[in-house]
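Visitor: Take a look at the letters that make up each chain.
4 protein chains.
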Amino acid sequence: MRDVQSEKDHRNIPINMVGIKGLKYPIIVMDRTNKRQHTIGTFNLFVDLPKDFRGTHMSRFVEVLDRHNMKVTPKNMESILDDMREALKATVAHVTVDFPYFIRKNAPISGIGSYSSYNCGFISTKNKEFDFILKVEVPVLTVCPCSKEISDRGAHNQRAMVNVQVRMNSLVWIEEIIEMVEDAASAPIFTLLKREDEKFITEVSYDNPRFVEDVSREVVLRFMNDPRISWYRVEVSSQESIHNHEAYACIEKGKSL
Amino acid sequence: MRDVQSEKDHRNIPINMVGIKGLKYPIIVMDRTNKRQHTIGTFNLFVDLPKDFRGTHMSRFVEVLDRHNMKVTPKNMESILDDMREALKATVAHVTVDFPYFIRKNAPISGIGSYSSYNCGFISTKNKEFDFILKVEVPVLTVCPCSKEISDRGAHNQRAMVNVQVRMNSLVWIEEIIEMVEDAASAPIFTLLKREDEKFITEVSYDNPRFVEDVSREVVLRFMNDPRISWYRVEVSSQESIHNHEAYACIEKGKSL
Amino acid sequence: MRDVQSEKDHRNIPINMVGIKGLKYPIIVMDRTNKRQHTIGTFNLFVDLPKDFRGTHMSRFVEVLDRHNMKVTPKNMESILDDMREALKATVAHVTVDFPYFIRKNAPISGIGSYSSYNCGFISTKNKEFDFILKVEVPVLTVCPCSKEISDRGAHNQRAMVNVQVRMNSLVWIEEIIEMVEDAASAPIFTLLKREDEKFITEVSYDNPRFVEDVSREVVLRFMNDPRISWYRVEVSSQESIHNHEAYACIEKGKSL
Amino acid sequence: MRDVQSEKDHRNIPINMVGIKGLKYPIIVMDRTNKRQHTIGTFNLFVDLPKDFRGTHMSRFVEVLDRHNMKVTPKNMESILDDMREALKATVAHVTVDFPYFIRKNAPISGIGSYSSYNCGFISTKNKEFDFILKVEVPVLTVCPCSKEISDRGAHNQRAMVNVQVRMNSLVWIEEIIEMVEDAASAPIFTLLKREDEKFITEVSYDNPRFVEDVSREVVLRFMNDPRISWYRVEVSSQESIHNHEAYACIEKGKSL
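Residue numbers (the numbering used here), protein chains in the order written: chain A, 16 to 272; chain B, 16 to 272; chain C, 16 to 272; chain D, 16 to 272.
Treat the hints with care, as some may be off.
Said to hold, decoys possible - Subject to a maximum C-alpha distance of 25 angstroms in a straight line, what follows is the list of computed DSS-like cross-link-like pairs (lysine-lysine):
1. Lys268/A with Lys270/D
2. Lys39/C with Lys150/C
3. Lys23/D with Lys268/A
4. Lys268/B with Lys66/C
5. Lys104/A with Lys270/D
6. Lys120/C with Lys50/A
7. Lys66/C with Lys39/A
8. Lys86/A with Lys150/C
9. Lys143/A with Lys268/D
Bear in mind the hints are in silico, worked out from the structure with no lab data behind them.
Can you make the complete structure from the sequences, with help from the hints?
Guide: Take a look at the structure:
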């Protein structure tokens, strides 16, 4: 059968990224407590395509991924990228994967356990060097400092999503990132809280009011002081309870205006 | 050209609903203040198909809709349904449309104006009789009564979405539904609030703590006492600030367990 | 601490459903090939609330779910529902759960294996009796019979999503539902296809053109003839390649116009 | 009342972007045929925040936007950005807005008219200079060249989304971008097609098979040859009818590997 993709292209235009997008695949990721966790990845797998070829070979992306037995670790990502470059005769390879990650947490006073879900992901590229970014989304509670200050009673508060991306010099567990982010908010949130826990979270959060600006800076302070973290991007989106839109703040290391 | 759709089907299975889904079309709806409002509808247009025919004629759904000059009112919906039944030789026709609707609201103390957006919709059917349901989604603020009661200071609160559906004996404006729902919550929410407004909303909501159960019942009380409303379904989903899931309550008129 | 939820409510309005929504939790479901499959559930857990009580106890829903060790089978669902009714002193309990489910499939000619992902779910209720519905979403290929008939060459085709719900007299595997649905379409689809497989799927689908009406009827024919299936609802949504909207057909057993 | 936001911050960390996100507002955009089109914008409005201030003033973003009477043109965007910088004492301002845009198109043979919807947007920044990017998403039809070549009959095809971003030296209408993109695909798609139109589109597309790689290159060829376009990014995502994931290609001007 003719290999249409391998035919010469005369338009003289290289393609930056080509491949498959939105592929769901079962994966196994590292878990600090249980060593391994089964979860579900949503993958984008891309390579570059030189100007001389008409198309890439889409089926090979799946073959490479499938060959790695579902293991998705930083080390494994580099191996997937190398295999993609070889299988597709490419110079650069890109793999991103998003996955839900579960942690068993105990309520702060009652100690009762339950699972909390975090949207995590990896962004990786291999050209000459291997680049790897860890993404973690942490839901937290933010109490508005302005509302607390100007009101005779109460203070508006809400769930906020903190999206962090980090490059690392050495391993930082997802669990550690979550702890740092929760520590930077008005209070952490939980799947299961009994009444005594709810009282505690309500009071702690009221005592620690935080704007989205505060949360982003507090996370950055913690990341700056961790020598394992070489780069970070921190975004905070607060689902304002008094509005139907979000408040947002973003700090990226090394980015000027 | 052969009309494959009109060919006889021998499988002896009537189809309950067939047509097109997810069609975006510019529309004009009634506006209490400005008479008319331009907005964007997302339509589902379905009819039944008797067991004897292989297929419906999809293009006619668009032709019927387009012929009505974008006007979407209760009266107009019935006319669209009648035209669909005729154009497609059907017994029953169904049209649902969802659209964002904007209202200019003034902040409670400063009086400054801004637009608020509400997801609205119509669900309509014509068999022998014409059935019409108005849908309105109203974002509100809910302060947790339990959290307030058990805590020495503060109370967790959050944005909650109140989804109501009503059948009417006579016209009820979208604006009236929104006012009834906002009145049933801890406080209304706004796109633009200056500091004095934020203080007001914070204190008012703290003085009116409401569970999702309370909000649903308070809305129902208002609907029960409005003779124009003959049927209702009220759903409240609160984006709990202390959890990463929603609290939910639903009351439907005439529904037992 | 005061139990605000248990206080008497004087509004005299029972609530049909109250509980938690959108809770993500790790689960284990039955797998025809491997006995068990780890996946991720998104849960809604509701009970009724009599007119005399102000609120339900939201934390107990999570406690009940957590106590079942993540197992989600039809039998286990009934046990969760019973526990919810007891823990929350309710008459009726409702649990819905949606989850991705993976099946290893071999390409039709090359035989190469890969995982395919299917969105599945359970809808269950316990009042006096236990009611259980299995949901499966199957992506398939549909070639338009009209386009093929009237065109001198080619025929437009596209991915279509077939959403089925079934009530069962005895166990039907998710895998069996998928096979019946794929058999009813122009062709099944795969995550990984080599060139010889792509040729096969292209030709097979061209030889079996199917409207959404055809697919829905063909699925129903297979379900009618399976004594294990006591009720079904079949929806087909075709992501029309020549339009930016969907074609849709729906057949529900026992539903008249 | 105390202005908490204006207080001095001692953490010494400037914030790259702070403001509001996901704000829906009614807007009026330019329309080549009808001069003006009412539509609905979803806005992100951000500024930078120097290290010395604790917070920005969120309400002023809405005030600035509201003051511009809903007009959203390139010229107007610069004015919004300037007003944001002044109102918030910022150095840089960012505004992005996404909106649906409708065009009346006539079917290729029958000539019957209907509206097609396109997701469009603007990305604008003002620091010392004003930067403006136009985004347009164009759904098209792609027939797979490989499938056509290797199969004895038929060829798999599908809806593909072409997302383009352009910077301009002088005005390029959204309508012109759409025409260039449709011309680069196997065939354009329409909301309403009668049988003779469907035959035409089926045959034209079969005669013009295009990979995602082909479509991206063909769009780039057209953009390279238009002196009004100074920069482009072209992404093509094809909703593969034989898979449950997308095929993807991306070319960005000036980007190396």
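Visitor: Sort out whether Lys39/A lies within 25 angstroms of Lys66/C, counting only the CA atoms.
Guide: 45 angstroms, violated
Visitor: For the pair we were handed, Lys120/C and Lys50/A, check the Cα-Cα distance against 25 angstroms.
Guide: 29 angstroms, violated
Visitor: Hey, Lys86/A versus Lys150/C, does the alpha-carbon distance stay inside 25 angstroms?
Guide: 29 angstroms, violated
Visitor: With the threshold set at 25 angstroms, check whether the alpha-carbon distance from Lys268/A to Lys270/D stays at or below it.
Guide: Given pair Lys268/A, Lys270/D holds - Cα atoms ~22 angstroms apart, limit 25 angstroms.
Visitor: Could you grab the alpha-carbon distance between Lys23/D and Lys268/A and see if it respects the 25 angstroms cut-off?
Guide: 22 angstroms, holds
Visitor: Can the restraint linking Lys39/C and Lys150/C be considered satisfied, given a maximum Cα separation of 25 angstroms?
Guide: Holds: Lys39/C and Lys150/C sit about 18 angstroms apart, inside 25 angstroms.
Visitor: What's the verdict on Lys143/A and Lys268/D, does the C-alpha distance respect the 25 angstroms limit or exceed it?
Guide: 22 angstroms, holds
Visitor: With a cut-off of 25 angstroms on the C-alpha distance, tell me whether Lys268/B and Lys66/C pass.
Guide: Since the Cα atoms of Lys268/B and Lys66/C sit roughly 14 angstroms apart, the hinted pair holds (cutoff 25 angstroms).
Visitor: Does Lys104/A pair with Lys270/D here, judged by a C-alpha cut-off of 25 angstroms?
Guide: Satisfied, since the Cα-Cα distance of roughly 20 angstroms is no more than 25 angstroms.
In summary, the structure is inconsistent with hints 6, 7 and 8 from the numbered list given earlier, while agreeing with the others.
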